[in-house]
Each structure stands twice: as structure tokens, then as C-alpha cells.
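Asks: In case you want the letters, here they are:
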Amino acid sequence: MNVSIQPALKSLRTAALIALVAVVGVFMGYFIDFLITDNPEVSAPEQPIAFSHKIHAGDNEIPCQYCHTEARRSPSAGVPSVNKCMGCHNEVATDSPLIRQVSEYWENKEPIPWVKVHDLPDFVHFTHKRHVQAGIACQTCHGPVETMDKIAVHSRDNDGPTLMASTTGEITNSETSEVGATQNDHWEMGLCLNCHKQHDVVDGKAVRVDDGGFDNGLDCWTCHK
Amino acid sequence: MPNIDRRDFIKLVGAGGVGVGAGVVLRESIKHPREHLIPHVLAPEDYSSGVATWYNSVCSMCSAGCGISVRTREGRAKKIEGNPSHAVNQGGLCAVGQAGLQVLYNPDRVTGPLLQAAGRGSNDFTQITWDDGLTRVASRLDVLRAAGRGNRVAVLTRGTSGHLAELLEAFGQGLGTDRLLHYDYDHPHALHVANQRFFGEQQLPYYDLANTRHLLSFGADYLAGWLSPVHHSLGFAQSRHGGDHRGHFVQIEPRMSPSGAAADEWIPARPGTEGILALGLAHHIVASGHYEGDDVDAWQEVLSAYTLARVAQETDVSESTLRQLAESFANTRPSLAIGGDGAANNSNGVDTLVAINALNYLAGNVGEMGGVIFNPDPGGATSHSRQANYQTLAQLAESARSGEIDVLILNDANPVFTMPVASGFKAALEQIPFIVSLSSFIDETSALADVVLPSHTYLESWGDAFPEQGVGFSIGAVSQPVVAPLYDTKATGDIVLDLARRVGKPMPWNSTEECIKDGWNKIYQESDSNTKTESFESFWTALLKAGVWGKKNHRMTETSRPNANTIASIGVDAPTFSGDAEVYPFVLQPYLSTMHDGRAANLPWIQELPDAMTSVVYGSWVEMNPKTAKDLGLTEGDLVDVESPEGAVRAPILVYPAIRPDVIAMPIGQGHTNYGRYASNRGTNPLEILSPVVDENSGNVASNATRVKIVATGKHVEIVKTSGKSRDLGRDIVQTTGGDDHTAQTNSIPITVIPT
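These protein sequence lines are chains A and B, in that order. The first sequence runs 1 to 225 under this note's numbering. The second sequence runs 1 to 756 under this note's numbering.
Be aware that one or more of the hints could be misleading.
Per the computed footprint, the stretches of chain B lying under chain A, defined by three or more beta-carbons under 8 Å from a beta-carbon of chain A, are [what the hints assert, rightly or not]: (1) 5-15; (2) 49-61; (3) 477-489.
Just so you know, these hints were derived from the structure itself, not from any lab. Yeah, the Cβ is synthetic: ideal placement off N, Cα and C, and Gly gets one too.
Using the sequences and the hints given, assemble the complete structure.
Replies: As C-alpha cells, then:
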């Protein structure tokens, strides 16, 4: 006699289907969120004041380190104090509604709560000082900030060039370098490693090496310490 | 394909929707949270975000006055190290100094002015404003001062040196009180008196451990607590490994301290007989013709009673050991004898230290490299002249009892913890109508305060220090704030200045900083014109940067000769102890632990730091010789009552081989009842049960002169320690044998069995 469990399972079929749909839904939801929030066009957060890097660094060609003064001396690049903003905006564009917002913070002696866009996990030790002093341009990692009205993590296409800052502060494509970042357009370990594999430090400056055999800071504890 | 009806379809759509929603929520919840970049409104000039800034300052955890460098980031103190340029500690720093951060960040700090209206000791404090608090104090002070009864105000502060001490002095004068007392439990009163008697100098000399080749330490635990342990450790290292010779170190004490463990020889003389031993050595040095001064006859006469045979009998040290010690001490050049801690805290403490001075003099160590060197005037006030000994505090208590004191101002001194209960000190303080505390923490003494006006910690305030035990030349350092005040507290000096203003006796400074600067301006004006900088401001900036100031002014060549009267007065009586030896068979030795006099007990790092000798953490213990423990049937962890004629404390036994069988030792520092969450209700305080035996010469309590008995309670606890068992649990890993067995069965017992 054949005993089948199929009749017994039949009643569970709908329940199983519902569960399956729900599980698929979880994966879809996760992926949808991933697509939406990791898209820089969408994910660039609203800042308390709609500060435009395009106007400052692009149109008016203010060097990055004029405001981010700590980048060459400290692990963190530093955010300018409200006092620094007011240093110029006591005179410049004082009628603009955005600048009035800045003045308001200044008059209330309150800091502007900027939202952090470029964020590394706490287990990564990155230092701006070393990279800036090695002549690597800010844009190499931060993207063309001078074209952004609203700051966002830059999604890069494959094989972008490594940008080098010349001693005059002018930004050039590294002459020795054609290959820059990486296929990985997220701020993940591959971005760091690719560049570290392809560059050597000569006279304190980062230089592209072709043999690819140089292990410049590839130890785990270069960053994870 | 199953049939899907309308109901199932809705279920599926619902499930899908919930699933997608759950997926989004899941990803959002595991995503790195959005952070903010909060800039400064006005950026301070002296730091870059992300870059450490170091400030040089002075450690105030004890009176040694080590220089410190504090690493700060974003205005927060992160780490304390020793200042390499400071001659006292030369970059070194002890555990308590390192733990100074936990004073700053301690969760039990008083964060603002408090009023204890509910009654003293209730710990029921209400927040008040600074103005209210200051007014409450000033109104009382003002009335007393105006009526010419300023002497009814008493000030009791932790030992304070430098210009802050002068500020307090001026405050006392303004009020018209001479009841201004500094109090540190471990202040070497006996040493000051002994040096006054023998050398005619109150000030501590410099003991040059670094250059000595033979150190004889009578009870002074110079590596762990005595005077300036970090400096002594450097000296010890230099003498042992620094040159072409290896210094020989001898420690004479009934219970082995860390210094005893580091010594080449440890000699457990009977407690209180260290001075007799020193005179025995002196006798031998003179008798054998090592001393050739023209007053040799006077010495011979005064030392004639201290024959090696008699001394050997009284000290329980063999005659041959004594002879050998005396010979090597006199023949090794330079040599040095020091005395303190256990040897000084007896009824004959001052006589003992005078005897040790005499030993140094007879061996020719005074004014010599590697011997006793006199310090020049330190350049700033030291606290000794105002330091209260036991008798002074007893007088204060007596005045309080008889209603002669109306206001007591406390500043970080905690005598209620360190005074024996038998002194009745706490009850006397309670008689004072109004007590105000300027301490940063509520401790056993501050708990009696009606008003608490909390001070900054030393990392937040200005001050300076001129280490009294010195380094052989003038040295001082400025203590500068390394962080902005964390709480609504004020600098001690600023509180005092404010009070002085309110009682109509303003001082010439507006702030402590001004007072300190003013003091240093005088030092600058007096400084050598060759090395003088352009202006005081540049001197001040350089001073703060370097964290230390010094002056080339040795007094090496001076030798002080004792006169005939001094020589004739030398002699050490047998020590007296409280309690009948029949009833109380053991001598109790309370010794300074890592917690110092108990002030560091509220620092978790110090609580969890294993004791140097026993490796015990978080608690108290009673050290007992294995033989004594065997006789009493006690093992490690057995809870016992240590009973003196004055009372009892309870702690577990720790079998400790390096202690005389007739001595019991207990660490000082634990047993707080009201000193924050980390210190309170942990361990016991052996100082509680001390008998008030006073060394008449120094006026201080003889803390090693109390006899005790041990009463087993039948209870057992596990002692928490890091070193595990001291035995091999019967596994015979290392076989050993006692010396007696070895001589009994000559040449047949191997010390160690090596398996073949």
C-alpha cells in the first residue's frame, strides 16, 4: 500500500507560497533600499544649509585646504569653524538668504550641524595627512567636488585616472599614471588597495609604478589598527 | 499551479508587501548610522582636530612633585606620561600618576556646589548656586573676622606647596587665624625633626641613590612609596646597572616591601630596633678605627653601650651579619643609609633617624656624591612648616570639642580616614558648627561638611610645586590646566580669593593664575642675568612649554658637623608598644599600598592593579608568616579579626613568607566607608585600630607601635589575586629543602632533583 503525504501537504501549499513570497519580498526590499540609498543622486543628504562646493571650489577656485585646513596636518581633514565662514561672509553675499542662515548660527554662537557624507567604518584608520602630503589630490577619492552643488559620494567609472596635486596646488592627471581607482565604485577596501598596489612613495610623493610588485602599505595593520 | 482565490491573492499581496517593507527596514537598520560633522563656532588656536596636543604640568597625586606630560585631543585629556625633562622623574611615572585621568573623569566627582541640609553624613546633598554657597561661607567668616575672632576659623588642607600655599597663608592672615593646617598622612615628620637635630636643617636633604655603591635602607620603602619613589627607582636602576659597578642594596625591615624584594640582602630585624642596629654599626665603625674625626672620643663614649653582642641580642640579627654590614658600609665608597616608613613610625622614630644620620656622618657620607646632599632653598614654599602631625590634629580636635572653632574649611584632606578611631577626631569635628569642604570628592571627612564648594582637579587648575626632597639643586614646575573644567567647579585658589574679597580682605590677585604668575615673576627677576630671557612673558611661555625650571646651585661642599651636645644626645631606647605582649602577641605594621594613604582607592585602575608583593586586587588582607599561620591553624583566605586594645578589623589571612613570625602586616588604603562607588565598602582600614602611641620627639602617631591578636572567625573567603598558588600542589615540580635539614643531613640532599 502506498501512503502518500501529498494530501496532507496540499493544505500547506498556500501557506508555503505566502512564506515564499514574503521571503522573496525581504530580498527585494533589501535590494531596493540598496539601489535607492546608494545612488549618490538620491542619497546625497540634505545639509542644514545648502552649501555649494561648486560655487566655492569651482566657480571661485578657492583651494580645498583654505577651509579644510587640517588635511595636511591631521588624520581628519577638518570642517571649518563658523568663524571661518563669517571671515568672508561678513563682506561677501551678505544679502543671500543662505548666508543669513550662516550669520544666524554665528550670532547664536551655535555650530552648524553638517551631515557627514564621506564616512569610513570605525575599524579603518585613514589619515588625510599622509595622502595629502604625498601629493594625492582630494578628488582622487572625493570625486569632482568642485562640480557638486550638493556633496555626494562619487560613483566612479572604471579606470579613472589618479589625480595628483602639483606643488602649486593645480590638479593634474598623474603623468605616470593612467590607471586610477577601481571597478569598485563604493568606498570599500578595494578602492584603497588598488591604489596602494599601483603606487610607490618616492621623495615623499606618490608615484605610479608599472611593475605592480611593490607592496606599499599592504599590511593589514596599515589601516586596521 | 494551485488555485488562487481572492482571499489567497490578498494574502499573497500582503505577504509580499510586508516582506519588501521588512527588507527595507532590515537594510536601513544595519546601515552605518548617519553622522554629523560639528565644527567649532570659534576654533581654538592651540589644537588641530585629530592631532594630539601635549601639555606639561605637575602630578599632584602625592607630594613628590613629578613632572607630567598630558596628551589631549579635541580638548580631552587622554593619557598622562612622565615629563622627560623633569629632573625628579625624568620621563617615568608611577601607577597612581598614570591613573590621574580617573580623578578627572571620575563619575563620583562633585559637579557643583552642594548643601547638606539633611544632616551631616546623610549624603543627602542639594544643588545650590556658587553665589549662594560662597555667601553662606563668607557671611560666617565676615562676622568672625569683624569681631576680631578670626582664630575661630580653621583651615585644613592637603599638603600644598608653592605659591598656592602662600595664597592660603595670606588668606589665613587676612582672616586673622593661625589655625592653617596642611595634612598628609605620610608626611615624614620624624625625618624633619631628626635632620633638624643632627644637621640643624628642617629641610629634607637629597639622598643620592644613583651614585651610591652601598645602600642601607632602614625600613624606607624607597621604590614604592617613600618620599619620591619614581626618582628613587631611577637612582636604583642607575646604581645597579648604570655604571661600571653594581651597587649593593640592603633592606632592614620586619616585613619585606618591594624595596626589600629588590635588595641584595633583606634583614628582618625586630620591629622598632632599627635605630639600635644603626648605632651598633656605628659602634663597630668607630671601634674599628674607620672614623678619624677629632671628636672620636665623644663618639666612642656615646656609642659604648651599643656593642655588637648587645645589639645582636636586641635586634635578632646575628653578630657576624652586623659586623659584615658595618665593614662593607664603611669600606664601600660612597655608601648611604636612609630610614623611613616602618623604622620611623615607632615610639623611638626620631631617635632612630638621628642614629641613621650619625651612621652616615661617621661613614663620611654627608655632603658627598652618592651620600646625603643638602638641597638649596627650593625657591618656593614647601608645606612642612604647616604640616599637622598627630598632636596638632589632636589639639585641633580638643579645640573643636571645647567650642573654640566655629568654621572649618576643608580642602582635599581626609584625616577622618587616616586618624585612629581612638583619637575621637571625627566626633570632635562634628562639634564644629559649620564645615565647608573644597574637595573634589565626598570622602569620609567631606561627608561632615554642611556646604561643599568643589574645586577643580589638578588637571584643570593652576598651581606649582617645588619638590622638597629635591634633586640636589633648585627645581620647580608650574601646573597648568590641560583641559577646560568638566563641571561647575572652581580652582581652590579662586574660591579662596573670592571668599577673601567677600570678607573685605581682598588679596592683590584676581585669579590663581595671576598669583602663580606673580610668584614666578619674582623668580624671574631674581634669576641670573646671563640666562635671563628678554621678558617675563617669554620666560613664562618657555616655562610652561618645558614644564620644569631649575637652577645650578649645588651645596655639595657643605658638611655639617654635629656639636658635642648633639653627639651626647644620641641614643635609641627600646620601642614601646601598646597592648600586653601576652594578650596581643603580634606587632601590627600597616604599610602604604599602591592606594597611597587611601586617596587613590577611588580609582578603578588602582583597585585592579595587583599589589606588587602579593598580587592581590580589590581588597584587604592580613600578611602572616607561614610558621605563625601553621601554629594558629590558619590558611590563606581564613577570615580573622585583628584585635588591638582599641578595636578590631576583619580581613582574610594571606600567608606571606617574607615577614617575621611576630609581626602582622596590613596594607593601608582600603576600608573606605564614604568615598564613591569604587572605594566604599571594600576591604578594611587598619589605621582604625591603632593605639594613639605618639613619638614624643616628632609629635606624630607611631603607627607601627600597636600590638594585636588574631581571632579566627571560622569563615573563609577566596582572596582575589593574579599569581595563583605559590605551591606546586604536591607535584614536586621543584623540590626544596630548608637550611636546617640541609645541615642536619650533610652532603646527601640535593636541592633540586633533575629527572634522568
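Asks: All hints are to be evaluated individually against the structure, with a verdict given for each.
Replies: Verification of the supplied hints:
1. A stretch counts as covered by a chain when three or more of its residues have a beta carbon under 8 Å from one of that chain; for the region 5-15 of chain B and chain A the count is 4, and the coverage holds.
2. Judged by the Cβ-Cβ criterion of 8 Å, the region 49-61 of chain B is covered by chain A as claimed, because 3 of its residues qualify and three suffice.
3. Counting residues of the region 477-489 of chain B whose C-beta lies closer than 8 Å to any C-beta of chain A gives 0; at least three are required, and the coverage claim is violated.
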